[in-house]
Amino acid sequence: MTGNSPPPARTSLRPGQGREEPLTRALVLSTALSIIDEEGAEGLSMRRLGKALDRNPMTLYRYAANKAALLDGVVETMLGQIVIEPSDHDWREQLHTVAYEYRRLALEHPNMVPLLVTRPLSTPLGLRPPGTLRYLEAILELLIGAGFAAADALHIFRAVFGFLNGHILNELQEIVENPAETDDLLRLGLHRLPLVEFPRLRSMATIMANYDGLDELEKGLSILLDGLATAVPPADTPPLAIPIA
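Going by our numbering, the sequence shown opens with residue 35, and the numbers climb by one from there.
Hints are computed from structural coordinates only; laboratory data are not their basis. Hints may be right or wrong, so weigh each one.
[To be verified] Label pairs and their computed distance ranges (CB to CB):
no.	residue 1	residue 2	range
1	D260	E135	44 to 54 Å
2	G179	T93	43 to 53 Å
3	D88	K253	39 to 49 Å
C-beta: ideal position from N, C-alpha, C; glycine also.
Could you build all of it, start to finish, from the sequences and the hints given here?
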């Protein structure tokens, strides 16, 4: 360097510039969920996840031992978004809120629904990740705190989530699987049925064409909860008096 040469340019990095985003379990699972949203569960692999995170796939095994553990973690993350207030003794309102939140998650992540419905059930209760059991614990606490016997609280949980899973699968069938089935096509199909064999279906063509998922959920859940409250009333609710003829 001569005396007249300018000094070499100095480069300075701003804090965080050029550094990779720290890898965390939350980041790994949220990225896995994004892949499932776009490509389905079959599109998720450690190699695909590593590419999305711009990391060596081998580094991901620190956060999930295999794809099965990865799927469990994503299910755990989604179920963790369901908030229950066990201290609120308005158990019906709480279960309505849970139902709306569960439906919202399902509609936002339709590719996750088969996993939400089947994955917890395919694993023995004692072997499930704790995060997939917290909402169950909170709902049982809510119902037992409202006066239901423990066995009845479990019956109610199973009945409500059996209904919710069935409703969501049915609603997604309408939205995702049969988007081309317009109201007119549905009416036309029903009116092609022999009237003698299917008088009720033929007469309900307009009703069935006007399907509204949220309204259907509200009506079905209200019917279910009313029936459960009558069949297994909480301890502080007197049974309905049956008039003697």
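Hint check:
1. Checked against the given bound of 44 to 54 Å, the beta carbons of D260 and E135, roughly 21 Å apart, lie outside it.
2. Taking the beta carbon of each, G179 and T93 are about 44 Å apart, inside 43 to 53 Å as hinted.
3. The hint said 39 to 49 Å for the Cβ distance between D88 and K253, and at roughly 48 Å that hint holds.
Going through the hint list in order, the structure does not satisfy hint 1, though it satisfies all others.
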